[in-house]
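Trainee: Turn these sequences into a full structure, and let the hints guide you.
The listed protein sequences derive, respectively, from chains A and B.
Residues 1 to 321 in the working numbering are what the first sequence lists, from first letter to last.
Residues 1 to 458 in the working numbering are what the second sequence lists, from first letter to last.
Hint data in this document are derived by calculation from the structure and do not stem from the laboratory.
Check before you lean on any hint, since a few could be wrong.
Said to hold, decoys possible - Each computed EDC-like pair below joins lysine to aspartate or glutamate, with the alpha-carbon atoms no more than 16 angstroms apart:
(1) Lys-156(B) <-> Asp-286(B)
(2) Lys-129(A) <-> Asp-67(A)
(3) Lys-127(A) <-> Asp-87(A)
(4) Lys-156(B) <-> Asp-67(A)
(5) Lys-304(B) <-> Glu-118(A)
(6) Lys-127(A) <-> Asp-88(A)
What the hints assert, rightly or not - Beyond 12 angstroms from chain B on every Cβ pair, some chain A residues (computed):
(7) Asn-36
(8) Ala-193
(9) Gly-240
(10) Ala-272
(11) Lys-283
Keep in mind it's a predicted model, so treat the numbers as computed, not measured.
Heads up, the beta-carbon is just placed ideally off N, CA and C, and yes, glycines get one too.
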Amino acid sequence: MIDIQHLTYDYPGRRALDNVSAQIAPLTITALVGPNGAGKSTLLRICAALDRPFAGSVTIDGLDVHDDPRAAHQRMGFLPDFFGLYDDLTVQQCLHYRARAQGVVSSSAAAAAQRAAERLDLTDRLKDKAGTLSRGLRQRLAIAQAIIHDPKVLMLDEPASGLDPEARIALAAVLRRLRDDGMTIVVSSHILAELEDYSTHMMIIRDGRLVDYAPIGHVAQTLGRVRLRLDLADRSDALGGALRQVADLTVVSDDAGHAIIEMADEPLAHAALLKTLIGQDFKIASFAPDRLGLQDAYLTHVKSGAAQKVTAGGSAGGSVQ
Amino acid sequence: MMGNPEFTRNLWLQFSWQRVLAAVIIFGIIYYAGTASGELATSTMATAGRWLFNIIIGLWGTRRAADALAEEVSGNTWETQRMSGLSAWQMVWGKLLGGTAYPWFCGLLCLALTDVILIQAGERLSAIAFFDLYSVLSGALAHAVTLGVALLLLRKAQLRRRLMVTFAQICGLIAFANTMIGDITAALHGPDIVAWFGAVYPAPMFYLVSLAVFCAWAWFGLYRLMRAELQYSNWPWAWCAFLAFSMIYAAGLADQPGQTIAAILGAPVGLGVVLVYGSFLAEPKDGVRYRWGLAALRQGNLAKALTFLPLWLITYVVTTILALVLIALLPSQPTAEIGQTWLAVWWQQYGPHTRIMLAVGILFVARDLLFLLLLNFGQWRQRADIAGILYLLIAYFPLAWIVAFVGGPHLLSLVLPYDSGNVVLTFGPALVQVIVLAVFVRQRWRAQAVPDAVLAAA
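Mentor: Structure, rendered in structure tokens:
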């Protein structure tokens with residue numbers, strides 16, 4: 001859906017993006033992560049045809065976004081990190097204007113506005129002025145504006161910053177629903193916790209280079225290890241100690257009732273571990289792979305030094321179907 | 001018109017029944033107050049009405065034109081607008097007419113009431129129509145200049161400050177004052193005819209057509225600026241066309257009976273120098289983009305390289321070529337050969353130094369550009385142009401006086417174009433400054449580039 005090829009972009013004295021390539025599959029939600037100044041916003045802005053790259057190209061649904069930015073904008077929606085609204089217009093006027101500005105014909109604009117309001121649960125606010133909305137509602141209105149023309153791709157830069165927990169949960173639900181409706185979504189943030197709820201993939205950018213792009217969970221798997229969760233039917237304080245006795249096993253967290261461990265991704269090793277624990281009279285209730293948290297995955301990746309290895313060999317390109 | 005969503009949005013923001021009614025009532029009261037007593041002369045009321053129009057369209061309209069963009073930037077809605085499917089042309093006229101819609105409503109209402117007073121007094125309809133058309137075109141030009149300057153400031157990332165918004169407004173106001181006070185006075189009270197390339201035209205019609213043409217250029221320039229802002233590739237053909245047009249226009253005005261070709265050519269050279277500085281200050285001096293342009297050139301991609309070509313460089317090259325032609329055409333002697341022109345006045349003052357002054361002048365323009373470029377490639381690039389202008393003004397005025405006072409006039413060639421009578425002393429300082437500054441500029445420019453060694457090691 002989004003084909004990024006060899007993007008390079010410079011600021012004075014600094015390379016902001018260095019030969020970044022990736023293919024983002026349709027119907028995915030990609031978490032674009034990296035430290036501040038890594039190049040996330042620059043990448044998004046170039047993908048949104050708001051800036052031109054020095055070299056490389058971005059194709060969305062087969063259209064080079066820099067050949068015809070206006071046509072590309074009719075296929076994508078973008079919400080910048082510092083977005084604004086026309087505070088003196090009503091929600092309905094904001095949506096109607098945006099629909100017309102995105103090329104929706106006049107006769108369909110009202111219907112498009114109504115549909116976007118319904119998708120973002122704003123129907124009861126249509127007559128309210130944008131300036132009177134709360135931060136969470138403003139965010140929803142901004143997203144409604146970004147998707148009013150039913151784009152195939154939606155890109156959001158730090159969408160949850162400043163939102164309270166309730167609004168963040170609502171935002172996650174909205175994004176999942178949009179993905180289910182057929183959109184491919186890219187969300188940039190340096191707050192990993194907020195991305196965890198809805199992302200299917202993670203793209204790590206550091207120092208302007210693409211370090212990794214993979215389904216979440218894949219990062220640890222590429223290191224040959226898997227994260228497992230073990231629950232006891234009968235609590236035992238000895239669980240942690242027993243696990244730590246096992247070779248080539250890392251205890252991520254544990255208490256008397258459960259433990260999260262990391263070990264080799266080999267069924268025989270898993271069977272051996274179970275046999276050992278049952279032999280020690282632990283009452284195992286469940287033993288299954290644990291979905292690797294986004295934050296953990298990111299930190300694991302960074303700590304593993306894989307980032308340096310990849311960058312030392314040149315920029316990584318990612319293609320995940 | 002309502003098919004343009006940007007125009008419609010502006011109307012939503014500016015027009016309400018209350019505001020429309022308020023304008024009608026206020027102007028109705030003013031009209032009644034002026035006419036009811038019958039004591040005020042028609043000319044007084046007409047002048048007052050036109051001045052009121054000038055204030056509305058000049059002061060208020062230009063402010064609205066600047067704010068049409070500045071409010072988007074400060075309200076963080078500009079990026080969203082850039083992400084829309086609106087074309088550059090829709091954006092331009094949607095903002096220009098939509099953003100100033102209410103001042104136009106009030107201004108045209110005021111103009112209409114003024115016309116009623118004049119018609120009642122028996123004024124010729126053609127004269128009224130001429131003045132109205134002239135006024136409306138002046139307003140359209142002023143608003144286009146304002147929005148254009150605002151767009152230029154936005155490209156230089158300087159539109160967030162209210163001072164800069166006011167600066168854009170002042171530029172529009174200058175354009176408005178020039179046409180509404182300068183040109184119209186000349187058209188109505190100056191010579192009846194204007195000679196252009198030897199042909200004679202009625203002055204009012206010439207000024208009106210000139211205003212319409214420059215207004216069209218301003219709107220077209222706005223469209224090109226908006227295209228650039230929307231990330232479309234812009235080849236510099238539009239600027240080249242404007243450069244050619246404005247130089248030919250100036251040459252036409254200089255082509256008075258009895259002129260030589262050298263005198264005619266002097267006008268475009270003078271205009272060229274003004275446009276060199278103007279385009280240099282208007283454009284962002286982005287070292288990264290210059291490098292991209294060179295890289296495209298090295299790859300043989302001329303089409304891409306042209307999109308990065310600075311307009312000031314084109315202007316400087318064209319002006320230098322014209323100046324060299326002028327130097328070749330200038331007679332080696334005297335006033336009689338040039339006729340009674342501004343060049344003759346210049347000649348009387350500087351005599352045979354004219355050729356030298358032109359040559360060394362072109363070198364000093366290069367020096368100024370390199371100096372400003374050096375500041376722009378430094379750490380304080382946001383303030384580089386203003387600081388640079390200040391330094392150059394100091395060099396051209398107080399410093400020149402000090403040098404002349406302390407060391408004598410023959411040392412003036414150190415700081416400004418001056419024929420000291422010695423070729424080395426006349427050209428040497430300018431050449432040395434150009435070379436030294438070029439070396440520094442190159443160093444700073446290279447320092448901005450991402451060092452290959454750093455990239456390789458990463």
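Trainee: Would you mind marking each hint as holding or not holding in the structure?
Mentor: Structure-based check of each hint:
| no. | hint | in the structure |
| --- | --- | --- |
| 1 | Lys-156(B) <-> Asp-286(B) | 9 angstroms, holds |
| 2 | Lys-129(A) <-> Asp-67(A) | 37 angstroms, violated |
| 3 | Lys-127(A) <-> Asp-87(A) | 12 angstroms, holds |
| 4 | Lys-156(B) <-> Asp-67(A) | 24 angstroms, violated |
| 5 | Lys-304(B) <-> Glu-118(A) | 45 angstroms, violated |
| 6 | Lys-127(A) <-> Asp-88(A) | 11 angstroms, holds |
| 7 | Asn-36 | 18 angstroms, holds |
| 8 | Ala-193 | 25 angstroms, holds |
| 9 | Gly-240 | 41 angstroms, holds |
| 10 | Ala-272 | 43 angstroms, holds |
| 11 | Lys-283 | 53 angstroms, holds |
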